[in-house]
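Student: With our numbering applied, the sequence shown covers 17 to 570.
To be clear, the hints were calculated from the coordinates, so they are not data collected in a lab.
Be aware that a few hints might be false.
[To be verified] Pairs of lysine-lysine, BS3-like flavour, derived with a Cα cap of 25 angstroms:
no. : residue 1 : residue 2
1   : 536       : 420
2   : 420       : 293
3   : 59        : 47
4   : 59        : 293
5   : 427       : 47
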Amino acid sequence: MSPVLAGVLQLLALVAALALAYVPLGDYMAKVYSSARHWRVEKWIYKGIGADPNTEMRWPAYLRGVLAFSAVSVLFLYVLQRVQGVLPGSLGFSSIDPDQAFNTAASFVSNTNWQSYYGEQAMGHVVQTAGLAVQNFVSAAVGIAVAVALVRGFARSRTGELGNFWSDLVRGTVRILIPLAVVGAIILVACGAIQNFAGIHEVGQFMGGSQQWNGGAVASQEVIKELGTNGGGYFNANSAHPFENPTPFTNLFEIFLLLVIPVALTRTFGRMVGSLKQGYAILATMATIWVGFVALMMWTEFAHHGPAFQIAGGAMEGKEQRFGVGASSIFAVSTTLTSTGAVDSFHSSFTGLGGGITILGMQLGEIAPGGTGSGLYGMLIMAVIAVFIAGLMVGRTPEYLGKKIGTREMKFAACYILVTPALVLVFTAAAMALPTPGHSMTNSGAHGFSEILYAYSSGANNNGSAFAGLNADTQWFNSTIGLAMLLGRFLPMVFVLALAGSLAEQRPVPETAGTLRTHKPLFVGLLVGAILIITGLTYFPALALGPLAEGLAS
């Protein structure tokens, strides 16, 4: 079988699996967030944290819950890393330095999971399981909760109430993420991923020295790493490591995990607003971008001239032989179009244009299908903007899902789409202008610039993957990328929840003959075009200096 055909067949199998999960998972999540009943274990949690799950919140109160919970999480994870040296199960590792502890705490709480450390050489079992793995669950649940709050803003009228953050957080964790993670972990263990609390042990001699590995609860962390679109690996090689991702089947299964919740949330959205067709339109937009990016990536990585590429079946540098070009291309696109950041190959070794595709995927806002929750609310913000553009073209007040999109709503949407590019471009410009950050670049010219641009695109968009040639474990990068991750996660949430509150207060607008049909293919095309044009206008100069220049020169 040719490598190209193998890649296409894996893509078809992945699409089929997502299609099978779409309806049951999407409907189940809609029931989770619409039910009035609380499970017994949830009541214990509410009692323990002192929260009343039945109290409805307006958007400022909902936002305070998000920020308070996240601030406490950052502090807890920071302290846990700083005292690691005295904790049991530390595997002899010392406590984490302050700048790296801040970076890691910000990273995992913001659902970014950027890692400026070697996992198997820095973090012991307690930090990995009680710190990082816990944040993999709750940071994902926070994203889903904010998305659900925005959906309620569209679904409700003449009220500013968006639900209860604590109830949404607990339900997302207990009813959705934990059950799916248990099943997924069993599958990974059955397929060869490790799950233990073994210490460091020598496995043989390598190039005159001893080779050592440490064990860990890898399968359980790997599954929520993908399912919650987190991305932080137990090992430095991430999902290219055979302990995390041992076979081609587990590789495809992990791609499925990182896509399934963001894809199914479009069904949840359609169910909660009372129009499944609206959910299908959002899904079609996401699918169009995702399939297009996968096709482009496969073309750039397969289509090379010369005997070395022909023998290898494509650009195999930085890719695992057991996965090949096709599966690596699907994984790279899926992880950068979501906020996952896990890697089964190394993006810095992709072709110039291939690396550019991964950067552009993040710069779109990771909305195709995006992160757990963040992909849906990001796409809905873009839908609001697309409706506004359509209204300008026909001279009619824009409406979406029965809500008028006025000046106030557009200000919130505009602020949302401006925050992240500002963080990316300002921090990238500062790193390139100052003398010290440039010392971390292992490459000069266009590829070196791409390393810096990738790092801040990854941090501000809460992705977490990296062009591995950049040494990011410095005070400058730990601090600035940490700030980019926190601001890139929580500032957009402010505008999302403010928009949700504004929409929930409105009276529904009756549909007329002049109402834009936002469930039709015409609107899907408009939405795709708006996303690509806005991103292109924002980032084209930076992309031209980096991956485009490198790709055209090769």
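Student: Each hint should be assessed against the structure and marked as holding or not.
Tutor: Against the structure, the hints:
Only pairs whose Cα atoms come within 25 angstroms are accepted, and residue 536 paired with residue 420 is accepted, the gap being roughly 19 angstroms. For the suggested pair residue 420 and residue 293, the alpha carbons sit about 19 angstroms apart, so the restraint of at most 25 angstroms is met. Of the supplied pair hints, the one linking residue 59 and residue 47 holds, its CA atoms being roughly 18 angstroms apart against a limit of 25 angstroms. For the proposed pair residue 59 and residue 293, the alpha carbon gap of about 35 angstroms is over 25 angstroms, so the pair is violated.
Proposed proximity of residue 427 and residue 47 is contradicted: the alpha carbons are some 32 angstroms apart, above 25 angstroms.
Violated hints for the displayed structure, listed by number in ascending order: 4 and 5.
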